[in-house]
Amino acid sequence: MDTRLNEEDLAFQKEVRQFLTESWDDEVRARCSNPATMKEGAEEWQDRLYKKGWMAPHWPVEHGGTDWSVTQKFIYNSERATFGAPEAVPFGVTMVASVIIDYGSDEQKAKFLPRILQSDDWWCQGYSEPGAGSDLASLKTRADLDGNEYVINGSKIWTTYAQYADWIFCLVRTDSSGRKQEGITFLLIDMKTPGITVRPIDTIDGFHHLNEVFFDNVRVPVENRIGEEGKGWTYAKSLLVQERLSIAEVADSKRALTELRELARGEVNGGKTLLEDPLFAKRLTDVEIELMAVEFTELRALASIAEGDEPGPESSLLKLQGTEIQQAIQELRMDVAGYYSGTLQGDLGADQLGHDFADSAQKNFFRGRAASIYGGSNEVQKNITAKYVLGL
Amino acid sequence: MNFNLSEEQNLIRDSIARFVSENYGFDQRNTVVAMDHGFSTEHWQQFAELGWLSIPFAEAHGGFGGGPVDTMLIMQEFGRGLVAEPYLPTVLLFGGLLQTAADAALQEKYIPKIISGELQGAFAYLERQSRYEMTDIATTARQEGSNWVLNGEKTVVLNGGAAQKLIVAARTSGEQFDRAGITLFLVDAGSNGFKSTTYRMTDGQEAANLTLSDVTAEAVIGTTGDGHALMAPIIAAACTAVCANALGAMEALNALTLEYCKTREQFGVAIGSFQALQHRMVDMFGACENVKSLMYRAVCTAQEGDDDAQRSMLALKVMTGRAGRLIGGEAIQLHGGMGMTDELSVGFFVKRLMIINTLFGDADYHQQLFAKLVNVSSSEQGEQSSEAA
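Residue numbers (my numbering), protein chains in the order written: chain A, 1 to 392; chain B, 1 to 389.
Excised from the complex, chain B in its bound form:
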């Protein structure tokens, strides 16, 4: 039993940490976020050259063959600097779905382009009415000859402005809320009838709402009607990844707050000498340790194929949402008036933490999934598995 990193993992972590410390100072980040689509294409090329874009992909496609621990390290280090480049939408979501669900021809065509930094992607799964329910899909796809034609609207598509290719979830059969009958399609952003409206999120990243009017899909990803089953493992891995991003942000925010309380003086002493504030900082530290422990639990159980992996991921997502609120709120409070300003990075960290809470379902949503999973009795478990069979 150990929680040590391999030599390669240490190298990955150190190289990202160096990049963040050299390129993601407060002013540097503001410059990056103000660029087109909210990130730097120069940085993206640098990621490609350093091999970071290849880490989660299989060696057969020119990847590094990394696992959940590697993804955690990357996302955690990115979180410390609030790195703006779209690693989640392009590499983990779009790339992840290609890698696990697409046929060999599509994989060979597009994965090397992601790794080389040429291709930006996105995953469009949300709709105006769907809130956190991923089966609530009203966008339709109908077959015309050998083509599939999509109609509908997709919302809050991360990196939806920069993406050249997108994977879109649409209904090919069944009713709204049915798990079966959802199909994933590869769509080119330049297609006829494809319209995107971009806007910024509170943390600076760009998102888009898409209108699809008789858009002809480039290809089907995986089997028709199986989209939900194909999405589920990628979303689960992405939940863990965004929690790692939040963990990095929490660690940075706690460090900033601690430093501020040690140096800021009121009533002739450092405010960190006040017990009321000390206990709040201990609560922030404890919340962050909880997230770190559940993080290690989630990546270890996922990596080891343990039965507890699903429960661990859900617990992590719940705890990350709640801890993010606590740490974010306390960080603003302990910084006093300065915490209210855009002159410090505090607010940017808090905004990122709040967005992460909502990604793929917030803490309340995931806690309900958690309760459903753990409160099943052993006899019901038997019934469920026989249903599944």
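Extracted from the complex, chain A is given alone in its bound form:
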């Protein structure tokens, strides 16, 4: 057993820190954190990553990825989170790209991967439907073959950033005669195709990130199908495991907890800081101790991946615990803001309102409620763990 970094890894860590110090500057940070400029901010940041060659660390080198070891990927992600820099928007570079690399044709790889790498295309994910949430395989959006085209009818929901997206990757039903997991096909659809409409969904956090996407006789060329017809569930499933591992956001929670502690140190109640309040200290340390455990659960998973094991159903436990920690931190941050957590800052400056983090605290609290719902609700993760890990 040994968790120390070797010379090579320490040198790599230094390089990552230097890059982040130089490239994650105040300007791009400000643009990324303001919802109104988030798209341009993300594109600017991803462009800097691209120029450094770090836009897609997990891709094979031949497509523009890196040859980083599992440890190096871990180091990069930890440092990124410590600096407060965001991950690249995942729908293109992490999600659909993995499926294209693993199951796409050479033409699809040549057409889509370079544009994802350079952030030319924004992608969104068309999985959930009004009638298919955690029970994803019961999806009903139809794709009927007509000559060399599929004709799509139906709708997708909870589609993050559909308002920005150039493309959507979709699970559609091409056959409803067999088991519900069969007859699902994986399609790449140009959002500019006639018949697609996007309806924004207002959410409790006050941001606009979710949408419903309607398909009305949308014609998609067969060449935009990934792999074989009816095998979409298999392609999508490999993605789900990866999605769950990344949803845990352990490194980001570590940064959030450090910030939270300093915020609590600055709040004074009856002459004592919140850190001196034994009930607050209990809740804060409960989260920290749990996070310290999950941090090593992730390291254990990474160590086994490094030795050639596939990440498996254990990723469900990480998703479950990681999102519970995120929510606990968000809740504490809102509590630190006290009665200001009920205020809407709007266009007021922090000096006018009298508080500088209350607005983000309440928004993140409400936004964070989604973490135990998306990527398969936490109750579904418990079902998966019971079935595949415990054998029940």
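It should be emphasised that the hints constitute simulated quantities derived from the structure, not laboratory data.
The beta-carbon is built from N, C-alpha and C at its ideal position, and this holds for glycine as well.
Treat the hints loosely; a few may be bogus.
What the hints assert, rightly or not - Listed next, the in silico DMTMM-like pairs over lysine to aspartate or glutamate satisfying Cα-Cα at most 25 angstroms (straight line):
id : chain 1 : residue 1 : chain 2 : residue 2
1  : A       : 14        : B       : 214
2  : A       : 254       : B       : 103
3  : B       : 262       : A       : 259
Unchecked claim - A few chain A residues facing chain B, derived, Cβ under 7 angstroms:
id : residue
4  : 289
5  : 292
6  : 300
7  : 301
8  : 382
9  : 385
Since chain A is already given, all that's left is putting chain B on it; use the hints.
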């Protein structure tokens, strides 16, 4: 970065696992616990022959020179079978203090006897009023010529009945609660004025309350007045060790419960098919994984001399206490009426987990230490280290 065991470590683990599977069945354990002092001297000799008693000791004293990972493996495997032999009090506490704090003459005299299985020891640090505060020591030692004479009472001394030699913490200067002024003494159980009252703990092990009336100590361990500083690292390592013991017990308890839910039928189906029960078992599994992760964190940081070692140990002790309660309670609940009986080992595992929670301070106590450590600001940290200097 890896969490693999060395070849030697795999051998240690496998040999203990074999011993447990051959000697620690339900009835076998009941027989052992019913023996004098709650353990088998035959087993103890076997441990000596297999070299297990030598593992934490330095090679210079005939030991194996093992580290925190080795101790973890031993204690974890012992935990799976609720092994009753007093490895913690004799080897880790008594032996650990001799190894780190005693002078060379005492080490040469006694460590080989521990390794050969001839010597049973104990560490007496608790008192009636002290609860979890190890500086709260009212037992006194006064100097008479070249001798030290002890007076006072010590409570819940694990292995206090079988121990031939004990290390006793007593106050030689300062006030109650002072860190300075505590001194460790080696005391022979046959000394004049030494009286022990033995009793059993809920998990079957034997403990004792000691009354010391003008007992002349055999020797001072380490420097006079430095006892607290000498105890602290041994207690920290022992915390990690008992958590490993708890981890083994939790793994065994989870496996028993899972097996029971797969086979026990109600309403015409295995009860493990009910979602309400499945989710509870996932919570038990998650709690056990948390302990395992913090366990690896604690032994790796301790072994590597990492700055995070103290924080990791405290987190482990807190999580072990809380996870033990959760897993223990759920195991009884999911076994239904059978979980209430002494006909299954479930209750024995739960009792061991509950005792481990209280050892060296419970989860609440350690969480307060944890909060104190992590909530110190960077400027206060500077002040503290300059104070320490």
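Quiz item: Among all the numbered hints in the text so far, which are the ones the structure does not match?
Solution: 1, 2, 3, 7
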